[in-house]
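Chemist: Single-letter residue listing:
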Amino acid sequence: MTTAEHKSDVDTLVRMYRMLARMNRSRPEARGSQTLYFNLLAEYYTRVSNAHRDGKLLAAHTVFFPTEILYAMDIVPMHTEMTTWLHALFLREQAELLAKGAELGLAPEICSPHRGVAGIFAMDAIPHPDVILWSNLICDNTAKAGELMMELSNSPGFFLDNPFQDSPGEMDYLVGELEEMVHFLEEKSGRKMDWNKLSEMIEHTDREIELYREISELRKAVPSPMSIVGYLELLSADYMFPGQPEALQYLTLLRDELKETIQEGKGAVSQERFRLMTLFVPPMYMISSLGNLFEEKGAVSVVEPMFTRWSEGKLDPDRPLESVAKKSFLIPERRSMYGPLSQQALQDITDSAEQYKIDGAIYWAFMGCRHTCATIKVMKDLLNEIDIPMLTIDCDIVDPTITSEEEVRDKLEQFFEMLEDR
Amino acid sequence: MTYSNVTDKLINLERFRIVNRSFPKTEEILDLKRQDRKVFGWLCTYVPEEIIHAAGILPVRITGYTQETELDDGSAYLYINNCSFSRSCLQMGLKGEYDYLDGLVAGSTCDGSRRLFDLWQHYLEVPFHHMLTVPRKYTERAHKLYYEQVVMLKEHLEQHLDTEITDEALLKSISVYNESRELLKKLYQLRMVDKPPISGAETMEVLNASQRMPKEQFNQYLRELLDELAVSGNEYRGRSRLMVTGSVMNNPEFIRSIEELGGLVVTDELCTSTRYWSDPVDVDNHSPLEAISRRYLNNFPCARMVPSERRFDRILQMAHDYKVDGVISQIIRYCVPYAHDIPLLTDRLEKAGIPILALDVEYGTSGSGQISTRVQAFLEMLETRKK
Amino acid sequence: MNSSLRCWKTVRTMKTLGIDIGSLNVKAIVLGDEGVIGTGIGPPGDDIEAGARSVLELATRQAGLNSDSLPSVATGVGAKLVSITPQQKSITTCLARGARYMFPTVRLVIDMGAESTTVIKVNERGRLADWANHDKCASGTGLFLEQMAKLMNLPLEQMAKLSLQAKGRADISNTCAVFAESEVISHVHRDPPTPMEDIAAGIYYSVVSRIISLCKRVGIEKDIVITGGMALNEGLVNIMEQELGCEVLKPEAPQTIAALGAAIIARENAEKGIKT
Chain A
729 MTTAEHKSDV DTLVRMYRML ARMNRSRPEA RGSQTLYFNL LAEYYTRVSN
779 AHRDGKLLAA HTVFFPTEIL YAMDIVPMHT EMTTWLHALF LREQAELLAK
829 GAELGLAPEI CSPHRGVAGI FAMDAIPHPD VILWSNLICD NTAKAGELMM
879 ELSNSPGFFL DNPFQDSPGE MDYLVGELEE MVHFLEEKSG RKMDWNKLSE
929 MIEHTDREIE LYREISELRK AVPSPMSIVG YLELLSADYM FPGQPEALQY
979 LTLLRDELKE TIQEGKGAVS QERFRLMTLF VPPMYMISSL GNLFEEKGAV
1029 SVVEPMFTRW SEGKLDPDRP LESVAKKSFL IPERRSMYGP LSQQALQDIT
1079 DSAEQYKIDG AIYWAFMGCR HTCATIKVMK DLLNEIDIPM LTIDCDIVDP
1129 TITSEEEVRD KLEQFFEMLE DR
Chain B
286 MTYSNVTDKL INLERFRIVN RSFPKTEEIL DLKRQDRKVF GWLCTYVPEE
336 IIHAAGILPV RITGYTQETE LDDGSAYLYI NNCSFSRSCL QMGLKGEYDY
386 LDGLVAGSTC DGSRRLFDLW QHYLEVPFHH MLTVPRKYTE RAHKLYYEQV
436 VMLKEHLEQH LDTEITDEAL LKSISVYNES RELLKKLYQL RMVDKPPISG
486 AETMEVLNAS QRMPKEQFNQ YLRELLDELA VSGNEYRGRS RLMVTGSVMN
536 NPEFIRSIEE LGGLVVTDEL CTSTRYWSDP VDVDNHSPLE AISRRYLNNF
586 PCARMVPSER RFDRILQMAH DYKVDGVISQ IIRYCVPYAH DIPLLTDRLE
636 KAGIPILALD VEYGTSGSGQ ISTRVQAFLE MLETRKK
Chain C
201 MNSSLRCWKT VRTMKTLGID IGSLNVKAIV LGDEGVIGTG IGPPGDDIEA
251 GARSVLELAT RQAGLNSDSL PSVATGVGAK LVSITPQQKS ITTCLARGAR
301 YMFPTVRLVI DMGAESTTVI KVNERGRLAD WANHDKCASG TGLFLEQMAK
351 LMNLPLEQMA KLSLQAKGRA DISNTCAVFA ESEVISHVHR DPPTPMEDIA
401 AGIYYSVVSR IISLCKRVGI EKDIVITGGM ALNEGLVNIM EQELGCEVLK
451 PEAPQTIAAL GAAIIARENA EKGIKT
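Chains as they are written, first to last, in the numbering used here: chain A, 729 to 1150; chain B, 286 to 672; chain C, 201 to 476.
This is chain A alone, in the form it adopts within the complex (with noise of 0.2 Å):
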């Protein structure tokens, strides 16, 4: 296939959110900030596909990416492993990125998005990215995606090294990788930084993080307010829009609408009866019959401290690459992720189930990803500690064949049974 065909597949992903918000306009129960939703990342995949035709730079970069920065040097980043999941949830294509990625030599235990982002790389499927970025935040998967990737592309890349914790060498080391970040965005782009820009970013992810705290307190009402649909939405926003209009827009909408239902005295689902802790991600192609069977079930997932919770901390806008770096460190999956193993960390788990009242806990044990799931008995054991059981489900994000919709779905009912009978 050649890359304009390959192109297109990037075009497909923008028709099918276009897709997706229209059928959402003819739904009366659609969320607004779902629709919303769907047309920012629609605007997102066109702003990358025509990237060259509007003479700028793309560049592709690894999750947890500052990229505030490149969106102040009107950079378009392209969120490698939000693209793959993407590519596997709408184009069904991933049992091929995965195959490529093995022909690659790359070994199935790693990570399924770094399999698909090497496959989609080698393929050819993607826009062509000027420039490589990536960064060890938040695994040695992340670390290790990117010299593949430069030479799969014929790229010049760089590579952003976070230091393991916040002391004060820690951070100055972490600016001074930020500042060669930019010398080399400036030296590829032929555009210079705008500092005055990137200041303003700053205060609107202090903007942005303060929101996420907001609908956070929102969803400790019971009945809490917030569906399991929305969690890869709101945990996304901050991967694709931070410090930017997009991510305020939504954040502000949704905040809205759970105040709004709040108010009505309404809940996620029509009969809440299990609050449940989520502990990393389900797998993305189920969320919706997930959806389902919590609205049967009358469960609704009312925390998730690895990817919604942040930690408290403001950032400085007149000190900006000093914010960037800050804000790394208060991002939530910064806390239980990539870190010692802090008792700051585990108190959050038992403070959330605490203040969320929840009632169960689930583990989304993803199987490429080992540095989260060696922290599952110790959750488990903060858990049981306080009467909270926590059913642990072993799966992959993207690749369906590892554990069926069924298998999920069995566990689950088994999982409310015991809830029940308690």
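Keep in mind that the hints were calculated from the coordinates and are not lab data.
Mixed in with the good hints there might be a few duds.
Unchecked claim - Computed Cβ-Cβ distance ranges for the label pairs, DEER-style: (1) B:Y408 x C:E381: 32 to 40 Å; (2) A:N1112 x C:P304: 35 to 43 Å; (3) C:K472 x A:S1132: 46 to 54 Å; (4) C:K472 x A:G760: 39 to 47 Å; (5) B:Y408 x C:K350: 48 to 56 Å.
The beta carbon of each residue, even a glycine, is placed where N, CA and C say it ideally should be.
Since chain A is already given, all that's left is putting chains B and C on it; use the hints.
Modeler: Below, chains B and C without anything else, positioned relative to chain A:
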């Protein structure tokens, strides 16, 4: 069919074997503990051993079982998708095999080992534990960060022990460790020849011991072994000259099973072998701490470091120096950094005309069964190429 | 007689039916005030509905009752496939109940079935607290044992009896059932051959260690009850007790414990006034 005319058993090898057989609870270690001396466990080659040694503590490397075995407890804690190395180590810890440890030091090097450290200090009682942040780059700023981390380790140790680790002590430790490295280099140089006097399996036994006993004693034993080898008249031959590479591996049986098939393992690129000892600490123009930190960051790279090319270059150089015919890569399932390197490493080796056999293994494998079959086929292929 | 009167009558006499529709066998239990008053075991056959119904009738006939009038609950993999009873409960909940009924001190239930092994944690109140099973692995199952028995050319019962005489255990190091097969074959054919009783013991040990590793996921706590078809295998149970370091409680008719639990739940539901 034997591929050697080794008539003399190396007497001096036996001393290393004794240490290995009883590790982790060797006589020396238990003796030291009885004398109220301290023993620390370390988890990977980015932990600057000299600092620990200079504080008067014996540093020993944490390794797992020397066989593939049921890892129920390890798997229950770390989950089944963490590498069997980390699970094996944790299992030994949970079973009390390392209960004498006074401290545990690790680097933030890879997900498996950092989680091993996390769970070890969470579930097992260790009076002292410390993790160093290890940058993934070699830039000056990275060196500065790593230096700060090394200083932090030193200060934490001083605080814990209520003592001072002087520059003199550090220089002394550096000198002892440099001697080990020099001696090990001499050992490896013996394998560069056509018919080495020591096999790959035997070398691995020496290496295991090097990370399990007081370095001063080790150096003495190794000097005596080198003297013995100089006059032994041993000659190992093989159908092909091989390099073993990949994930953490320290089971001599694995290498032995390859050598029994006729593949002479003349060198290895492992964090338990060359990546452990390769580079000496250079004290010229640097303070001891600077010298130590510089050496450890620049040392023969682990696959976690960026750019990976540095590791590939050194592998190719080693393959050239040891006149290697083929490479056997053994990657532990779920050993992510090394698994990711396979496509590019294969490409580099192919371009240099060196075939590579990529094996999926579990930590502790002895190399029997299917592995044996594949190695056999690989050796046959290498022979065909030679003709 | 109209249905509500029928229901009232059965609640008063407290007879309920539990049916466990497994992949290899259907088990039915009729529970009365004094205990189990009817049992049925049979294959599901090609027509699961018919197969289940005939097993049900076996049990009710034994109890001297008409099956239509009994409150009932179904469980097992086939529960969703039949329309015999609308009330269904997961096998884990039923096993917890059934084991508790037989042994009030139970904390851990090890259910060893044909195709899967499930371990169940029961709390002090007899409620299901946690469970685990090996989804994708045949190594701890009845099918694996059957395969091994075939390899050794022995009927299952004989293999079990033989293992009790073992002086040692053949080392079957592979954790995977597929590779264990080749190890067993090599033990049988080597020169001199490994004694059959040692091979049998080694096979059981390999199954038991898989099961114990599963138990560790929920935590091993006494008292331990074993259920399922494999619980009848004295050779396996012997090795299991050796490895656990304690005796395990063995109910009579261990394959029917889930059905028993289902019948108990049916009774609880009837007491609560839930129509079944």
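Chemist: Determine which of the earlier numbered hints do not hold for this structure and return their numbers in increasing order.
Modeler: Hints 2, 3, 5 are the ones this structure does not satisfy, whereas the remaining hints hold.
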